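Student: From first to last, the protein sequence lines stand for chains W and L. For the first sequence, counting from 1, position 68 maps to 988 in our numbering; every step adds exactly one. For the second sequence, counting from 1, position 84 maps to 93 in our numbering; every step adds exactly one.
Hints are supplied without guarantee of correctness; some may be wrong.
As the list claims (entries may be wrong) - Restricting the straight-line Cα-Cα distance to at most 30 Å, the calculated cross-link-like pairs of lysine-lysine (DSSO-like) are:
| # | chain 1 | residue 1 | chain 2 | residue 2 |
| --- | --- | --- | --- | --- |
| 1 | W | LYS1102 | L | LYS36 |
| 2 | W | LYS1083 | L | LYS36 |
| 3 | L | LYS15 | W | LYS1105 |
| 4 | W | LYS989 | W | LYS1021 |
| 5 | L | LYS187 | W | LYS1105 |
Unchecked claim - Taking CB as the label site, the calculated pair distances span:
| # | chain 1 | residue 1 | chain 2 | residue 2 | range |
| --- | --- | --- | --- | --- | --- |
| 6 | L | CYS63 | W | ASN1022 | 25 to 31 Å |
| 7 | W | LYS1105 | L | ARG91 | 47 to 53 Å |
| 8 | W | ARG1050 | L | ALA49 | 22 to 28 Å |
| 9 | L | ALA45 | W | ASP981 | 46 to 52 Å |
Rather than coming from a laboratory, the hints here were simulated on the basis of the structure. Given the structure is predicted, the values throughout are model-derived calculations rather than measurements. Every residue, glycine too, gets a C-beta built ideally from N, C-alpha and C.
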Amino acid sequence: MDATLTRPVAVSSQETDVDVMLVDRYLRGDVAAFDELMVRYERQIYRVCYRFVENREDAMDLAQEVFIKAFEHLTSFRRESSLKTWLYRIAMNHCINHVKKNAREFVEVTEFTGSIRPSVQNDLETREQRAQFRSMIQHLPPKQKAILEMRINEELSYEEIAKMSGRSVSTIKASVFFALEKLRKLVKQNESK
Amino acid sequence: MFGHLKPQDFIDAAESGLTTDSAEAVKRAAHLRSCAPCAAQLRATTAVRNDLACENSSVPEPDWSDFRESVRIELLSRSIQRQTTVRRWTGWAVGPATAWTVAFALLLAVSVGGFLWHVQQDSHRLVAHNGQQNSTETPEIEDLGAFNLAGTGVFQQLSDLEEPQVERLQDLIESTQKGTVNVQ
Chain W
921 MDATLTRPVA VSSQETDVDV MLVDRYLRGD VAAFDELMVR YERQIYRVCY RFVENREDAM
981 DLAQEVFIKA FEHLTSFRRE SSLKTWLYRI AMNHCINHVK KNAREFVEVT EFTGSIRPSV
1041 QNDLETREQR AQFRSMIQHL PPKQKAILEM RINEELSYEE IAKMSGRSVS TIKASVFFAL
1101 EKLRKLVKQN ESK
Chain L
10 MFGHLKPQDF IDAAESGLTT DSAEAVKRAA HLRSCAPCAA QLRATTAVRN DLACENSSVP
70 EPDWSDFRES VRIELLSRSI QRQTTVRRWT GWAVGPATAW TVAFALLLAV SVGGFLWHVQ
130 QDSHRLVAHN GQQNSTETPE IEDLGAFNLA GTGVFQQLSD LEEPQVERLQ DLIESTQKGT
190 VNVQ
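Just chain W, same shape as in the assembly:
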């Protein structure tokens, strides 16, 4: 089932209150709260995971791990940040670790796919360009990539990303700039080949 995901909506303080209430209900053993929390965040977390692996099955596995980790440690959620930020932080760290662990395998798979289906790629020029662009994104360092995803695709504020990663807002902005620059150079290099 391939469908496009809707854009994330910024979390208001009312929504944060709802999150806190749902967390309390879940910790008291309310099973319905689990479903409500999942419905609120499954798409966002899955989308982050998907961009790291570019594969639905792997993204589902990653997202599942993120949610399991989150629910198992929900008692340690100190409510200093919003649940959304907390979940994104878990997802970001989990995905970064996954990418670091599987970096070698990932490169090999990409190369293999590129060499086995040249005719298909020639036919679908637009798709090829998109795929190349996506593969260029995968070449970014995991942390830069994570920050870029959080800002551009998930539309988190710089303050939220700064809180998540424990850095200053200006450092995050600089990271986004350098990530975009690196991406631009990678695309340029790829075009000149």
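Once you've looked at the hints, dock chain L against the given chain W.
Tutor: Then chain L, alone, in the frame of chain W:
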């Protein structure tokens, strides 16, 4: 503004455009109008940023109810695994450990109890023995006291004797020693 724009300035300019809502934004816009390399850099950054934002459009969705169910089942199975692990530890490690501890405590209690009982018996026996010794020694002490008392009386009587009586007593003692007793 001195020098070129900083990385964060490019990001601010790319995201909010060349607005003039703050003093910094005004300076930034002024610099970009006068500096060709910075303007080119901003165009490039904005272009890549827009391309990346467009990439957001297609992410294949899974079946969410299946996904939710899989998370629920995995959570449940991990919880059961943890409980089983605890029970296994209780059954195979904590259980025997407790049994050994109880057995050792019982052994220790019996040993200490036996020892204390033995010590108590010994002390009773000693007290009884001392009691017997005291009962045999008491008459001797009493005799000694009587002797002393009697002795005191004899010496008292001797010291009370008058001169002729003392001479007569001396003669009597001497004759007793010679074997010729003449009592008159």
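Student: For each hint, tell me whether it holds in the structure or not.
Tutor: Hint-by-hint comparison with the structure:
no. : hint                             : verdict
1   : W/LYS1102 to L/LYS36             : 27 Å, holds
2   : W/LYS1083 to L/LYS36             : 29 Å, holds
3   : L/LYS15 to W/LYS1105             : 19 Å, holds
4   : W/LYS989 to W/LYS1021            : 18 Å, holds
5   : L/LYS187 to W/LYS1105            : 151 Å, violated
6   : L/CYS63 to W/ASN1022: 25 to 31 Å : 27 Å, holds
7   : W/LYS1105 to L/ARG91: 47 to 53 Å : 48 Å, holds
8   : W/ARG1050 to L/ALA49: 22 to 28 Å : 25 Å, holds
9   : L/ALA45 to W/ASP981: 46 to 52 Å  : 49 Å, holds
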